[in-house]
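Based on these hints, arrange chain B on the given structure of chain A.
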Amino acid sequence: EDKVVQSPLSLVVHEGDTVTLNCSYEVTNFRSLLWYKQEKKAPTFLFMLTSSGIEKKSGRLSSILDKKELFSILNITATQTGDSAVYLCAPAGGTSYGKLTFGQGTILTVHP
Amino acid sequence: NAGVTQTPKFQVLKTGQSMTLQCAQDMNHEYMSWYRQDPGMGLRLIHYSVGAGITDQGEVPNGYNVSRSTTEDFPLRLLSAAPSQTSVYFCASRSGGSATEAFFGQGTRLTVV
Numbered sequence: 091e092d093k094v095v096q097s098p099l100s101l102v103v104h105e106g107d108t109v110t111l112n113c114s115y116e117v118t119n120f121r122s123l124l125w126y127k128q129e130k131k132a133p134t135f136l137f138m139l140t141s142s143g144i145e146k147k148s149g150r151l152s153s154i155l156d157k158k159e160l161f162s163i164l165n166i167t168a169t170q171t172g173d174s175a176v177y178l179c180a181p182a183g184g185t186s187y188g189k190l191t192f193g194q195g196t197i198l199t200v201h202p
Numbered sequence: 016n017a018g019v020t021q022t023p024k025f026q027v028l029k030t031g032q033s034m035t036l037q038c039a040q041d042m043n044h045e046y047m048s049w050y051r052q053d054p055g056m057g058l059r060l061i062h063y064s065v066g067a068g069i070t071d072q073g074e075v076p077n078g079y080n081v082s083r084s085t086t087e088d089f090p091l092r093l094l095s096a097a098p099s100q101t102s103v104y105f106c107a108s109r110s111g112g113s114a115t116e117a118f119f120g121q122g123t124r125l126t127v128v
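Those sequence lines, one after another, are chains A and B.
The first sequence begins at 91 in the numbering used here and counts up one residue at a time.
The second sequence begins at 16 in the numbering used here and counts up one residue at a time.
Pulled out of the complex, with its shape left as it was, chain A reads as follows (with noise of 0.2 Å):
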């Protein structure tokens, strides 16, 4: 059965703090991992992954997948309050690559 482990559940800091997000999986046919931000509505896309040690960069966000040990890391330098949402991995597998499935998330609080 596919596994995604996301840790920490929640995490709150203050503004200007880095912050490291995991996120471990076992799935089967595995191609490349997703990670997507969630504010209270449908979750909107951040990166894909589908090399290991090659990071990707998107401003103060970046992220980066080991598939020999199963998991990746997302970071956001010098957080905002804007950055407060729920944090989503999810790796793609199965038949035909069309499986995707979620971690539970990471709850992310930033304060002023």
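Keep in mind the hints are simulated off the structure, nothing from the lab.
Note that the coordinates shown come from a computational prediction; the quantities given were computed from them, not determined experimentally.
Each residue gets a CB set at the ideal place from its N, CA and C atoms; glycine is no exception.
Below are the DMTMM-like pairs computed for lysine to aspartate or glutamate, each with C-alpha atoms no more than 25 Å apart in a straight line:
| no. | chain 1 | residue 1 | chain 2 | residue 2 |
| --- | --- | --- | --- | --- |
| 1 | A | Lys131 | B | Asp53 |
| 2 | A | Lys93 | B | Glu74 |
| 3 | A | Lys127 | B | Glu45 |
| 4 | A | Lys131 | B | Asp88 |
| 5 | A | Lys131 | B | Glu45 |
| 6 | A | Lys127 | B | Glu74 |
| 7 | A | Lys127 | B | Asp53 |
Over the 10 Å line for every Cβ pair with chain A, so calculated as not near, a few chain B residues:
| no. | residue |
| --- | --- |
| 8 | Ser33 |
| 9 | Met42 |
| 10 | Pro76 |
Chain B only, in chain A's frame:
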């Protein structure tokens, strides 16, 4: 470009009633999925499809049926609603291939009383 459209946005059902949540996408995506999200939880996969006529179960399929007769539509049927099915439901679609982004509908908030 409409993307992924879910209807209805809100629904209240009585225990034992049946209903269908609709999901349609206009991006010609091969993959479609249904998720439910409960308070403080991530998205749990109910059913997914890798193409017209092909569906498979996710983590929490019991009490739900799906079919995929066309590429565009992927309805989710609740056979006999139970209070445990109170949740927010999201439909998502992705283009075929091994590394593609998922696009989400706006969600359906379902309450079973």
